[in-house]
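So the chains spell out like this:
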Amino acid sequence: MSNKTIWTAVCGQSDLIPNSGICALVNNIQIALFYVQKEQSVFAIANHDPFSQANVLSRGLIGSKGDDLYVASPVYKQHFCLKSGRCLDDENTNIQAWPARIENGQVQVFF
Amino acid sequence: MSKTKLVIAGNGMVGHQFLQSLADSGQLANFEVTVFCEESRLAYDRVHLSAYFSGSTAEDLAMGNAEVYRSWGLNVLTGEKVAEIDRTRKSVTTDKGRELSYDKLVLATGSYPFVPPVPGHDRGQCLVYRTIDDLEAIAKAAKHSKIGTVVGGGLLGLEAAKALKDLGLETHVVEFAPRLMAVQLDNGGGAMLRQKIEALGVTVHTEKNTQLIDEGEQCFHKMNFADGEVLETDLILFSAGIRPRDELARQCELEVGERGGIVINNYCQTSDPAIYAIGECALWNKQIFGLVAPGNQMAKVTVSHLTNGPDSFTGADMSTKLKLMGVDVASIGDAHSRTPGARNYSFVDEREGIYKKLVVSEDGKTLLGAILVGDAEQYGTLLQYMLNGIHLPEYPDTLILPSRGDDQQTGLGVAALPETAQICSCHDVSKGDVRAALDTGYCTLGDVKGATKAATGCGGCAALLTDLVNHELEEMGVEVNRDLCEHFPYNRQDLYNLIRVEEIRSFDELLDKHGSGHGCEICRPAVGNILASCWNDFILSEKNVALQDTNDTFMANMQKDGTYSVVPRVAGGEITADKLITLGQVAKKYNLYSKITGGQRVDLFGARLEQLPPIWEELIAAGFETGHAYGKSLRTVKSCVGSTWCRFGVDDSAGLAIELEDRYKGLRAPHKIKFAVSGCTRECAEAQSKDIGIIATENGWNLYVCGNGGMKPRHGDLFATDLDKKTLISYIDRILMFYIKTADRLQRTSVWMENMEGGLDYLRGVIIEDSLSLAEELEQQMSHVAATYQCEWKTTLENPEALKRFRQFVNTNARDSNVVFVEERQQIRPATPEEKADIRAEPIKLVS
Ligand code: SRM
Ligand SMILES: Cc1cc2nc3c(=O)[nH]c(=O)nc-3n(C[C@H](O)[C@H](O)[C@H](O)COP(=O)(O)OP(=O)(O)OC[C@H]3O[C@@H](n4cnc5c(N)ncnc54)[C@H](O)[C@@H]3O)c2cc1C
Ligand code: SF4
Ligand code: FES
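Read top to bottom, the protein sequences are chains A and B. Residue numbers are given in the numbering used here: position 22 of the first sequence equals residue 22, and the series is strictly consecutive. Residue numbers are given in the numbering used here: position 837 of the second sequence equals residue 837, and the series is strictly consecutive.
Worth double-checking, as some hints may not be accurate.
Have a look at the derived ranges for each label pair, beta carbon to beta carbon [said to hold, decoys possible]: (1) B:Asp-24 <-> A:Lys-38: 31 to 37 angstroms; (2) B:Pro-614 <-> A:Gln-106: 26 to 32 angstroms; (3) A:Lys-38 <-> B:Thr-788: 27 to 33 angstroms; (4) B:Glu-776 <-> A:Ile-29: 32 to 38 angstroms; (5) A:Leu-88 <-> B:Glu-474: 41 to 47 angstroms; (6) B:Asp-494 <-> A:Glu-39: 55 to 61 angstroms.
Note that these hints are calculated values from the structure, not bench results. We put the CB at the ideal spot given by N, CA and C, even for glycine.
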């Protein structure tokens with residue numbers, strides 16, 4: 001893995017699914033990407049679910065609690081904040097989150 | 001201190017309450033208790049006696065329990081009655097010759113049905129309605145009877161008439177007075193009740209005085225009335241009132257009333273202070289109380305008096321609310337407006353069959369009484385107005401006039417009730433008691449019921465109790481929110497209606513119009529599911545895709561390691577050899593774990609996300625369809641082999657199962673739905689444990705509804721019998737669509753039924769009698785769903801946009817290295833974390 005963080009293109013904008021998730025493999029790390037259509041924004045968090053040990057968060061449902069956008073794990077339903085990777089049900093658990101954006105039809109992650 | 005020798009004669013409803021209260025008082029240790037119980041059974045719920053004819057067993061009705069009584073240290077003797085009391089020696093002698101001395105004696109001997117001394121009343125097939133033994137005799141006599149007649153059109157008589165109707169007899173009610181339920185109702189109410197009951201097929205004869213019962217010509221009996229008319233009937237049930245069982249009191253010369261009843265004071269003591277009388281045998285202030293609630297109060301007062309407590313009996317309210325053959329009837333307080341100066345308001349709706357009357361004090365400020373027939377929803381509110389003397393609104397008639405859409409609030413807020421207001425009369429629970437239970441930490445309706453017993457008797461107070469508990473919880477800052485979630489201020493039923501009425505076709509449209517925020521994992525699938533129930537659009541279309549639970553999105557069930565299972569539909573469990581071979585070939589090719597499910601089909605486990613489309617491609621080519629194992633939708637219609645092969649089968653159960661599975665496949669509902677069809681009563685398909693269960697009979701099909709296996713098993717209720725196939729299917733259409741319309745999110749049909757006010761009878765009304773005029777609409781809605789069925793997997797395979805989702809990674813064809821299998825019993829299974837650490841370097845080879 002390079003130790004220099006840069007905006008890395010991971011897929012095309014057309015690969016995104018509105019209000020839902022997909023998964024990309026970058027430097028052998030699985031990244032779950034979510035596209036929230038209303039705000040036209042894209043979020044990147046780890047695909048690995050620390051509770052079930054399965055690589056599945058990209059297949060969870062997204063939702064909001066107050067202002068926090070989150071994804072609910074499809075296995076045991078814990079909620080992870082899309083912006084920060086913070087687990088909303090267990091303050092001792094965090095997963096990685098990366099800044100992400102759409103540029104010229106490309107999805108980029110600050111990786 | 002030596003123990004007080006306490007003898008109790010009678011273990012009926014009130015006798016049981018007495019023992020319960022004594023146990024609750026914590027002072028059992030000070031007494032040596034002997035109970036004599038004339039009946040062969042311990043106390044049971046007489047109030048719900050009629051349920052014995054609609055499926056309840058003696059065990060269901062039981063209240064007293066020999067184990068529990070033993071654990072309380074009571075000596076209980078069943079089938080033995082007190083025959084004599086010797087007050088000077090303070091002893092009782094039983095019909096078995098046993099003699100026992102007492103320090104205190106409690107008479108809880110109840111009452112007996114009065115049989116008018118009409119000549120012929122003692123012919124065979126003349127019965128009464130009081131005990132389980134009576135019911136058994138009635139059921140036996142009904143077997144060789146066609147026509148049954150109840151003498152007496154009071155509360156119990158009408159209940160008995162229902163029993164005869166349930167037994168399949170042509171039913172008549174003969175009443176001496178000019179109207180039904182003369183004690184509780186006035187002429188208007190009685191007439192309305194008569195009209196409704198006659199509509200249900202019971203013939204009512206009023207002002208009939210039976211003078212002689214003799215041999216009939218067509219039937220077993222002929223009843224001859226004073227006006228010269230006659231009625232032929234095979235069976236006669238006397239229900240002409242009750243008489244207190246005061247024979248022991250008379251024998252030992254206690255004071256009894258002019259018209260019977262053992263005279264008691266405010267502490268329930270008889271004229272001999274060592275002897276108490278409670279329940280229906282007791283006469284207080286020249287009054288007999290023929291209801292269980294006042295009896296229970298007397299039981300508690302007696303326990304209090306025996307243990308030096310302060311309680312006293314001060315009379316009881318005789319208001320009643322009941323459902324007679326599905327008709328709501330209620331009578332409150334001074335229903336006949338006997339109070340001087342009382343003024344009446346009444347409302348009659350002949351089309352709907354509703355009669356309501358209010359009796360108001362001369363100054364118009366307080367409610368004295370009321371009568372409700374056909375709609376007794378306001379019972380709880382009106383009763384509280386009357387009992388607590390709460391000031392009436394300026395126009396009291398608003399309390400009984402139907403609301404016409406404007407949001408005029410006529411209900412009485414529970415907040416207005418004083419602390420002492422009695423919420424549940426059966427168990428004497430006040431508003432204060434409910435609040436106390438909530439204060440000690442009980443915080444759901446179920447908990448409060450358990451702790452206070454409120455609403456566990458006749459059930460008449462259930463609505464009021466719910467309001468009160470919700471109100472109190474809200475006051476305590478506990479959120480009692482029936483909204484689906486923070487994004488919609490509506491419950492599931494509201495959303496369903498909005499979607500139907502406004503023809504909303506997408507989540508975004510609904511959120512824009514009626515919600516806020518982004519939605520969540522609660523409302524998204526719930527709304528997706530409602531949209532599918534209503535419009536049946538493709539679930540992976542762009543507007544719907546983000547709504548589905550992960551299993552629906554990928555049309556497969558996710559397993560613990562992120563792989564999926566594949567379950568093709570095998571309608572009715574019937575499958576050809578070729579199809580079985582295909583399943584085997586596919587399982588082999590993709591190295592999937594194979595298992596026969598509990599639903600008579602095959603589940604293939606361990607498919608990776610990207611393998612799902614090619615697997616389904618092969619299955620569909622071989623003629624399979626998706627099995628919806630992932631959806632809140634129809635799962636399987638289990639079948640037995642039926643008459644085609646089985647020597648006992650009376651009809652083609654497998655054929656019907658396949659037809660039904662084809663009709664309802666793909667139907668989305670609040671929760672999953674399972675069916676089964678058995679070819680005869682041996683019930684090899686276990687139909688009675690399904691949401692919809694069908695059993696073949698010689699004359700058609702019997703339909704059972706709302707059964708359930710799973711976490712809390714429930715046997716289905718017998719809904720209708722001997723149906724032809726067309727009627728059967730129309731009933732199922734209606735039931736399922738009504739369930740979809742009215743159930744909560746994730747509520748199985750069993751729980752839906754248990755929460756339904758009016759229960760099975762109500763559902764029968766809606767489905768069979770079309771009481772809500774919904775039948776046609778429900779059938780149309782179901783036809784729409786059936787006509788728009790598509791195999792979701794087939795549609796997906798034809799749709800490149802939808803297929804896009806079935807990629808592990810958008811940017812490479814690599815696989816998820818975390819999915820690792822090991823072999824067990826010649827098949828794959830997910831590796832444990834330890835095993836994974838060992839073998840990750842070299843995953844087992846998989847074909848793809
Ligand atoms: C595969 C199977 C077990 C088996 O190996 O036989 C099974 C497997 C699952 N059952 Fe089941 N149930 C299976 C038959 C049953 C049965 C028996 C039956 O249908 O005759 C029952 C009891 C009957 C009933 O439902 O009334 C049953 C009662 C449940 C329940 C409890 C439902 C309840 O109301 O209490 C759940 C949990 C739920 O649905 O919320 C459940 C949930 C599940 C889930 C979906 C749990 C999950 O979310 O992962 C399992 C995943 C299935 C999969 O991956 O394909 N399963 N499950 C059976 C599939 C039948 C089929 O062909 O579709
Ligand atoms: C079909 C039906 C429906 C009803 N519906 C309602 C309703 O909706 N609401 C309501 O409030 N009430 C209703 N009632 C009335 C209610 O059941 C009675 O008020 C209640 O059962 C009275 O209880 P009890 O203990 O006084 O008498 P019972 O329950 O009759 O018990 C008396 C027991 O004492 C036994 N016994 C008598 N003499 C002796 C003796 N010498 N020695 C030993 N044992 C003896 C009897 O065999 C009997 O088992 C209904 C009654 C019936 C029959
Ligand atoms: S339910 Fe009856 S018909 Fe069906 S297999 Fe069993 S015995 Fe045969
Ligand atoms: S009033 Fe009968 S259960 Fe409460």
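Hint check results:
The hinted window of 31 to 37 angstroms between B:Asp-24 and A:Lys-38 is violated, with their beta carbons roughly 59 angstroms apart. Between B:Pro-614 and A:Gln-106 the C-beta distance comes to about 30 angstroms, which sits within the given range of 26 to 32 angstroms. For A:Lys-38 and B:Thr-788, the hinted distance range of 27 to 33 angstroms is satisfied, since their beta carbons lie about 29 angstroms from each other. A hinted range of 32 to 38 angstroms for the beta carbons of B:Glu-776 and A:Ile-29 is inconsistent with their spacing of about 58 angstroms.
Remark: the range hint 41 to 47 angstroms for A:Leu-88 to B:Glu-474 is contradicted by a beta-carbon distance near 26 angstroms. Checked against the hint of 55 to 61 angstroms, the pair B:Asp-494 and A:Glu-39 fails, with Cβ atoms roughly 28 angstroms apart.
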